[in-house]
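Q: Sequence:
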Amino acid sequence: MKENTCAACDCDLDETRIAVRIGGRVVEVCCEECAEVLREAEATTRAATTIRTSSRAG
Numbered sequence: 003m004k005e006n007t008c009a010a011c012d013c014d015l016d017e018t019r020i021a022v023r024i025g026g027r028v029v030e031v032c033c034e035e036c037a038e039v040l041r042e043a044e045a046t047t048r049a050a051t052t053i054r055t056s057s058r059a060g
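Its first residue numbered 3, the sequence shown is counted upward by one per residue in our numbering.
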C-alpha cells in the first residue's frame, strides 16, 4: 500500500482524508464509508479474539 492511498480501498487520498485509529495505529481513509468498514472489521476481529480467549480459559 502506498502512503497516499486509502487503507481500505487503495484509492488516492486528497485533502478530505480521514484519520482512523485501528488496533492502536492511525491509518488514513478516503471517506466515512471506508472508515466504517475498518472500524467494523476491527470490532469483528476483537470479538473473535475475545471468544477464542474465553473458550481457552474454561
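Calculated from the structure, these hints are not laboratory results. This structure is a prediction, so every number in the text was calculated from the model and none was measured. Treat the hints with caution; some may be incorrect.
[To be verified] The following label-pair restraints were derived from C-beta to C-beta distances: (1) Ala-50 - Glu-5: 27 to 33 Å; (2) Arg-48 - Asn-6: 16 to 22 Å; (3) Thr-52 - Arg-19: 27 to 33 Å; (4) Thr-7 - Arg-48: 31 to 37 Å; (5) Glu-38 - Glu-5: 33 to 39 Å; (6) Glu-44 - Glu-5: 16 to 22 Å; (7) Thr-46 - Glu-17: 28 to 34 Å.
Note that CB positions come from ideal geometry on N, CA and C, so glycine has one too.
Q: With reference to the structure, classify each hint as holding or not holding.
A: Hint-by-hint comparison with the structure:
1. Ala-50 - Glu-5: 27 to 33 Å: About 29 Å separates the Cβ atoms of Ala-50 and Glu-5, which means 27 to 33 Å holds.
2. Arg-48 - Asn-6: 16 to 22 Å: Violated, at about 28 Å.
3. Thr-52 - Arg-19: 27 to 33 Å: The hinted range 27 to 33 Å holds for Thr-52 and Arg-19, with Cβ atoms some 31 Å apart.
4. Thr-7 - Arg-48: 31 to 37 Å: 25 Å, violated
5. Glu-38 - Glu-5: 33 to 39 Å: Taking Cβ atoms as reference, Glu-38 and Glu-5 lie about 22 Å apart, which means the hint is violated.
6. Glu-44 - Glu-5: 16 to 22 Å: Given a distance of about 21 Å, which is inside 16 to 22 Å, the answer is holds.
7. Thr-46 - Glu-17: 28 to 34 Å: The hint (28 to 34 Å, Cβ to Cβ) holds, given that Thr-46 and Glu-17 are roughly 30 Å apart.
Consistency note: the structure conflicts with the earlier hints numbered 2, 4, 5.
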